[in-house]
Amino acid sequence: MSEYHRSGVIHDLGYHGYVGPREGTATIARTLFVTGLRHTYGLGRSGKSKVLPFVLLAMSVVPALIVVGVVVLTKLPTLPTSYPNYVNQTQLLISLFAAAQAPVLFSRDLRYRSIVLYLARPLSAPLFAMTRLLSLTAAILLFTAVPTTLLFLGALLAGLDVSDQVNGLLKALTLQILLAALLAGITGLISSISLRRGFAIVGSVMALIVVSGVVTSIQAIATTQDSDNLGVVAGLFSPWSIHNGLARAWDVDVAVLTPPEGAWPLAYSLVAMLVVAACVLGLVARFRKVGSR
Amino acid sequence: MNPTIVKLALQALLGRRRFWLLLAFPILLVGLVAVLAAFTDAEAAWTVLPALGYPLVLPLVAILAASSVLGPEIDDGSIVYLLAKPVNRHSVAVSKWLVALVATLVAGSLPLLLAGLFTGDIARAVALSVAAVVAGTTYSALFLAISAVTRHAVVASLMFVLIWEGLLGNLFSGVAWLSVGQWGLRIGHEISDQLPDPANLVWACLASLVVTVGGVWFAGDRLRSFSLRGED
Amino acid sequence: MSTIVLDSVSRWFGNVVAVNDVSLTIGPGVTGLLGPNGAGKTTLLAMMSGFLAPSSGQVALDGRPVWRNTDAYRQIGLVPERELSFGYLTGRQFVRANADLHRLPDAAAATERILEVVDLVEPAGRRLDTYSKGMRQRVKIAAALVHDPSVLLLDEPFNGVDPRQRMHLMDLLRRLGEEGRTVLFSSHILEEVERLARHIEVVVSGRHAASGDFGAIRQLMTDRPVQYTLHSSDNRALAAVLIAQPSVRAVQLRGDELHVQVDDLGSFALGLPAWAQQHDLTLFELSPSDESLESVFAYLVAR
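The listed protein sequences derive, respectively, from chains A, B and C.
Numbering of the first sequence is given in the numbering used here, commencing with residue 617 and proceeding in unit increments.
Numbering of the second sequence is given in the numbering used here, commencing with residue 21 and proceeding in unit increments.
Numbering of the third sequence is given in the numbering used here, commencing with residue 43 and proceeding in unit increments.
Bound conformation, chain A alone:
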């Protein structure tokens, strides 16, 4: 039996509280924003959730490619459609995208109460709600901006006047920001109220597509009855008519039955911003209510 010098040490591998530097609220909000944006396109989720957004995106991009092809091949002097007009023509797909993807960001968290975990420490309810809303707005903006940008690039390729196209593009994108905010606010609020995905979608479709159709009908009837003012007032009730009306007021060629004139464009913009603000407040209230239980 030999004696040897024994030494040993036991390492403390157990759980320690974290005392190092932590990220600030800004980073958390930014990460949440990016994650939300990715989720609306199905990135970072299962394969099946990518099908719908990308199919809708493809369907709204294909006509743009066709238009670009036609312009390039036939050497047209201008684009056959203005950027806001293209967005107006594809409004069904855009509304469907907003209606179908808003529940992904709003309904699931609120339904399964996992929201309470998110609100426990990092972000307050108002900040969380607004970040989610920003994600959805950015997603819708992306959805409308991709075909618009494709048209723009195609126009440049075909050698059309650059300053004209840039002018048109900037106007279109500004309008699209307002449109995206409106669509996101409305569908987001509906999705946070009706927590089952299917019924939230039906509610959003009703708010966006059915009401839009009603407004168009009223405007058509108003023109035949020579009471254009009625049509202009009706135009306040649908994000699409607001988008088209404001585009027309900005001298862009869009098919609008009863274009707003005089003080009306200002009224349109004000109403749009009020609606967005009301949706934000509604969302914050919903998140606070569910998060506090």
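Simulated from the structure, these hints should not be mistaken for laboratory data.
Mixed in with the good hints, there may be bad ones.
[What the hints assert, rightly or not] For the chain B half of the interface with chain C, some residues (derived, Cβ under 8 Å), not all of them:
| # | residue |
| --- | --- |
| 1 | T24 |
| 2 | Q31 |
| 3 | F59 |
| 4 | V100 |
| 5 | K105 |
| 6 | V107 |
| 7 | N108 |
| 8 | R109 |
| 9 | S111 |
| 10 | L248 |
[Claimed, not checked] Here are the simulated DSS-like cross-link-like pairs (lysine-lysine), alpha carbons at most 27 Å apart as the crow flies:
| # | chain 1 | residue 1 | chain 2 | residue 2 |
| --- | --- | --- | --- | --- |
| 11 | B | K27 | C | K175 |
| 12 | A | K691 | A | K787 |
| 13 | A | K787 | C | K175 |
[What the hints assert, rightly or not] Example chain C residues on the side facing chain B (calculated, C-beta under 10 Å, incomplete):
| # | residue |
| --- | --- |
| 14 | G105 |
| 15 | Y115 |
| 16 | I118 |
| 17 | S127 |
| 18 | Y130 |
| 19 | H144 |
| 20 | K182 |
| 21 | W317 |
Ideal Cβ placement from N, Cα and C applies to all residues, glycine included.
Starting from the known structure of chain A, arrange chains B and C on it as the hints suggest.
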């Protein structure tokens, strides 16, 4: 036809917030047409119906009704309580379909008749409501079958109505052969010439019948093979 | 008296095998289906209740398969794990609806009777979404029992139930078992199974690991030493005697208890009285210390 299941499905449809959504459609439609007919002329008011009421509101009501009676119960598995009984699965499907059908007809087809009557031409209104009854029946059976198959029944049904029947149907006339709404219109065309004449009458009748019966039978068959997946 | 027989039943979902060649028989009385989470208990119960088809093998109730056999539900009462989504119904309405679906000749009387059995008469007029978890479990059991079935299948019935309600539920199940019904409940909590069911079926990773009385299973675990606790007049002297025997693997003195690990139970049992008498020691108490379900379970899971 099982009266208990009918009662349960009715309670599921009426006892929830979505009932108000279901009610909002007909009120909106009838109200709009009535207001327009009062302030302008009847012809202008009529245009709302074939443009909006029939192709959009009717299928939306059918989607809401059909997915409410079957979707949520299959989704969270509580349909087990209805199926763990010596009850014929097809009778479960038929009972649920009857509730969805009545809801669709009352909240979708009936308002179309009322709104149409506001616009004066009785024959035209009756024709459109006959078309709505046929299409509503077929829609409710079709969407019930879709609800029994997939969790994303509402989105799938919406895609069918908006993109297939709506967008593509307006672009390509051949779609009319496979469009439930067009079949209804063809049958209504027999009563009033003011409705369009998209496809063959025999085809429209036959197709509506086949889809209705097939849809309900298919839903019953899926219920026979309903599987409880564990969370394990 | 009904018997459920599973014959070489397997079930796979794509690449995942949830149940792997399980053969077992569930007879009258209370049986516990035991296994860790993910072992396939819910899958087995779904197959036994006719709500999942086996990928191979046969699941039969009294000789007839249960899959796609709606008549079998006259004899089966199922209490699934899922939450009720009929929150807008009252307790009485829900149980009555179940009774009506079974086409019972006197549904109202059956409903009242079963509400008394589960002790839910007073809250029966309130809506289900105002019930506590324990009450919801009891109303589910009432709905499953209203047609007086001979088979009762319960999936994790004690999940989330408070101790007092749990005792009440256990009494109820014990009574049902004594009446001759076939009661099968699944659980991964050993204390519950130990208290309620002497006969257990253990499922681990989809395989049928053991079946029978858990004391008897313990006796079969021969590659592990059996542990006993002894109280005697002189523990240390007894310890010295025992360690000298070849059938004893280890002894340990802990306080005033003597713990013994025994390899060969037979010769130990035969020899112990003689050794004690030879050395003038009195034995006061001899009890097995690892014939608990926990040790059986740990052994089976670790294999």
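Restraint status (C-alpha distance of K787(A) to K175(C) at most 27 Å): violated, 58 Å
Restraint check, 8 Å cut-off on beta carbons, for V100(B) near chain C: OK, holds: V100(B) within 8 Å of chain C, min 5 Å.
When the least beta-carbon distance from V107(B) to chain C is tested against 8 Å, hint result: holds, 6 Å
G105(C) as an interface hint toward chain B, with CB separation required under 10 Å: Given a least distance of 18 Å, the restraint on G105(C) is violated.
Hint validity - I118(C) Cβ closer than 10 Å to any chain B Cβ: holds, 7 Å
Status of the Y130(C) interface restraint (C-beta, 10 Å, chain B): Cβ of Y130(C) sits 4 Å from chain B, so the hint holds.
Interface restraint verdict for L248(B) against chain C (beta-carbon cut-off 8 Å): At about 4 Å, which falls below the 8 Å cut-off, the nearest Cβ of chain C leaves the hint on L248(B) intact, so it holds.
Restraint check for K27(B) with K175(C), where alpha carbons must lie at most 27 Å apart: Holds, because 26 Å separates the two Cα atoms, which is no more than 27 Å.
Restraint check, 8 Å cut-off on beta carbons, for R109(B) near chain C: holds, 7 Å
Hint status (Cβ of S127(C) to nearest Cβ of chain B, threshold 10 Å): Interface hint status for S127(C): holds (4 Å vs cutoff 10 Å).
Hint check: 8 Å Cβ-Cβ cutoff, S111(B) to chain C: With a minimum Cβ separation of about 10 Å from chain C (threshold 8 Å), the hint on S111(B) is violated.
Distance restraint between K691(A) and K787(A), which requires alpha-carbon spacing of 27 Å or less: holds, 24 Å
Consistency note: the structure conflicts with the earlier hints numbered 3, 9, 13, 14 and 21.
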